[in-house]
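So the protein lines, in turn, are chains A and B.
Note that the working numbering numbers the first sequence so that position 221 is 221, with each residue one more than the last.
Note that the working numbering numbers the second sequence so that position 175 is 1175, with each residue one more than the last.
Check each hint, because a few of them may be wrong.
What the hints assert, rightly or not - Simulated restraints on C-beta separations:
1. B:Asp1164 x A:Gly26: 45 to 55 Å
2. A:Thr39 x B:Gln1182: 25 to 35 Å
3. A:Ile274 x B:Lys1311: 16 to 26 Å
4. B:Thr1294 x A:Ser101: 28 to 38 Å
5. A:Arg90 x B:His1356: 37 to 47 Å
6. A:Gly26 x B:Arg1331: 51 to 61 Å
7. A:Ile170 x B:Asp1164: 54 to 64 Å
8. A:Ser48 x B:Asn1194: 13 to 23 Å
9. A:Ile274 x B:Gln1182: 34 to 44 Å
10. A:Gln195 x B:Ser1142: 19 to 29 Å
11. B:Asp1164 x A:Met126: 44 to 54 Å
12. A:Gln195 x B:Gly1155: 45 to 55 Å
13. B:Gly1155 x A:Pro254: 51 to 61 Å
The set of hints was computed from the structure by calculation and includes no laboratory data.
All residues carry an ideal CB built from backbone N, CA and C; glycine is no exception.
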Amino acid sequence: MRAYPQACCTGGAPLSSSLGVISYTGENLVIDFSYDFNTMKDLYAGNSQLNDKQRERSTNSTILRFTYALNNKWAITTVLPYVWQEQTVRSNVGKTVQSSSGIGDIVLLGQYAILQNKKNLVLLAMGPKFPTGSTSKTDNEFGLLLPPDLQPGTGSWDGIGAVSYSRFGIFRPTLSLYTLFSYRYSFQVGRYDGQQEYRFGNEMVINIGLTDSFLLKKWILNPSLQFKYRNTQKDENNGSSFPNTGGSWMYLVPSLDIELSPKIYLHSNFEIPIHTDVVGTQLVTSFKGNIGINYTLNFKKNKAYKIKD
Amino acid sequence: MNSIFKNLILGLLIFGFACSSSSNEVFTDTPPPKDTPKNPPSFQIAVVSDSFEGEDFVVAGSEGWNFMVAYKTMANGKTFHFEAVKGALPIIMKDDEGSNYNIFGLAVDGVNEGTQLTPMNAFMGYWFSWGAFYPGLEIYESSIPLQNTGSSVQGSNGWLVPRDQVIVGALRDAIPAIDDPQFTSPKDEGLVANLKDDALVIGVLLEDEARAYPHFIMNWHEIVNDKIGNTSFSVVFCPLTGTATVWNRVINNQETTFGVSGFLYNSNVVPYDRNTNSNWSQMLQLSVQGQLQTTPSQNLFVLETSVETWKAITTGSKILSTNTGYNREYRINPYGNYPTNSAVNFPVNFTDTRLHPKERVLGVLVNGKAKAYRFASFK
């Protein structure tokens, strides 16, 4: 079985959880640094898990995100990932490990607040993903080009769009509803000196969840629980569908933010798979998490209100 | 190699699974179009006598029965001429002295009874792979102008083939070879029992023991390390090039096993032997990298046909069980509709568009050169 499904974190940033589509206060610079880890060791055929622990794959990323809010409506965000990937295959004759690391694909997003009042917030964001990540990493033993799903970058230009809607003060003043719809359109990329024209399947992600706030001593705690649905289309290879790519995944995503001060907060979330339905047979995420720190530089002293992604 | 063939009657049979539009039907593969009407006794069998690179041989084939085999025409110091025998499987032809020969090249009656014809080095594969490995190869009875004639490639970086053209399709052993194959009766196991008549398997007939290795299992494992009697062999199947070969596992007097390196050259499987970790090219039939570099594989007879043919030519055959030691969804072809579409998933050195890339042809190899035979020549 040979296939290169673009897993959650392959080829650069784990985008769906790192776009930072939230509200920002004008003339602020927000710096977010996070660590993302994704362990894949469950083999699925369709929606059935196979009893097979032969393969394991881990993707670790550090993600540096800068957002500058031009004003209360417009903001621009860049996502800079650095990726470590490792794949292990165990067999009855030994173990094979391949790994690679490097700068991943960089994302640039422009964001606009379509609607912003005390009860509602609607944000629209879009921008390109640049093919900045390396696609030429080789294995240590033979100097052969590693497969695309072990490369830090995808090699392709992508277009990313997202729209979010938040409703504040439902049932109680601090409880909020948050929804995010994001879509990645992938363009074709030439591999192996143009002998292979490959196109990753487009990706759609929907998040919907509730967030609340509590005061604990001097800190504000923002726990949330989200449902995440992710769907990818089949990849295309030289004009034909590539086997064992594409599928649908559902996750439960508990998260917790801790506001240490008006300028600094810590954030964390974990993705727990609750349903998987892949095309063909694929290795899928067993556990995924993200922790990070967020710092706001106020160029203008206005208070920002945050809504988690 | 002759001695191997004389001591062994090894049939490698590959059956074609019918393509299906129903999600409940499985084992998609690429059977050739059948003769019409679909009435087995009426399936045509034809023989052609040919010469290539100074070697005289006969090729017998049938589109309906889904097989092509090639044998040297010289045996026991005599050169035979053959004509087809229809409707009498496993007999497929008779010589000019009246002896009938079965599909394995054995004379079963007449004055030459017991004569074993020497199989040519030949096996089935998708057309594109033959064009990639043997650029400009001749097609029997074809008037289509040749392509890519005279081209060649050079090895590099310690490989006999251009290292830059070796693709990592998967990690070593990510496609697990079967090292302890279990066999079942065709009627005893659900998936095996439900094989369609035109499904493809790989079969071995050795010391009167027949074993078949279905494509639908081989798609997931590519290599089976097996043994019959005193003969250790590996069945090597590449789903991407549609090629099946059987290699002797005793190399330089040492028994080894083969595994799937995960590499591809010309989109074709690169097995590795576990004694030396040398990498081999299935279609070049030699080690292309490592300690055993330049060592040729010891090839055993390869025959390709359908389940119904396999049933017609063997008795008491065992079929590889899905009890492989690995949990796989064998009802699904992991390559989807690849066997029937026109896509070639990985780069190849040469592209030859004379035929559909997935047309299955028999390649006969002599002196490192290949000649292709189409089912269309045996109607």
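Tested hints:
For Asp1164 (chain B) and Gly26 (chain A), the hinted distance range of 45 to 55 Å is satisfied, since their beta carbons lie about 53 Å from each other. Checked against the hint of 25 to 35 Å, the C-beta distance between Thr39 (chain A) and Gln1182 (chain B) comes to roughly 33 Å, which is consistent with it. Between Ile274 (chain A) and Lys1311 (chain B) the C-beta distance comes to about 47 Å, which lies outside the given range of 16 to 26 Å. For Thr1294 (chain B) paired with Ser101 (chain A), a C-beta distance near 37 Å keeps the hint of 28 to 38 Å intact.
Evaluation of the 37 to 47 Å hint for Arg90 (chain A) and His1356 (chain B) yields a pass: the beta carbon distance comes to about 39 Å. The given range of 51 to 61 Å is respected by Gly26 (chain A) and Arg1331 (chain B), whose C-beta atoms sit roughly 58 Å from each other. Checked against the hint of 54 to 64 Å, the pair Ile170 (chain A) and Asp1164 (chain B) passes, with Cβ atoms roughly 59 Å apart. The given range of 13 to 23 Å is respected by Ser48 (chain A) and Asn1194 (chain B), whose C-beta atoms sit roughly 19 Å from each other.
Distance hint check for Ile274 (chain A) and Gln1182 (chain B): the Cβ-Cβ separation is about 36 Å, which falls inside the suggested range of 34 to 44 Å. Taking the beta carbon of each, Gln195 (chain A) and Ser1142 (chain B) are about 26 Å apart, inside 19 to 29 Å as hinted. Between Asp1164 (chain B) and Met126 (chain A), the C-beta spacing of about 38 Å breaks the proposed range 44 to 54 Å. A C-beta distance of roughly 19 Å is found between Gln195 (chain A) and Gly1155 (chain B), which places it outside the suggested range of 45 to 55 Å.
Taking the beta carbon of each, Gly1155 (chain B) and Pro254 (chain A) are about 55 Å apart, inside 51 to 61 Å as hinted.
The structure does not agree with the numbered hints 3, 11 and 12 stated previously, though it agrees with the rest.
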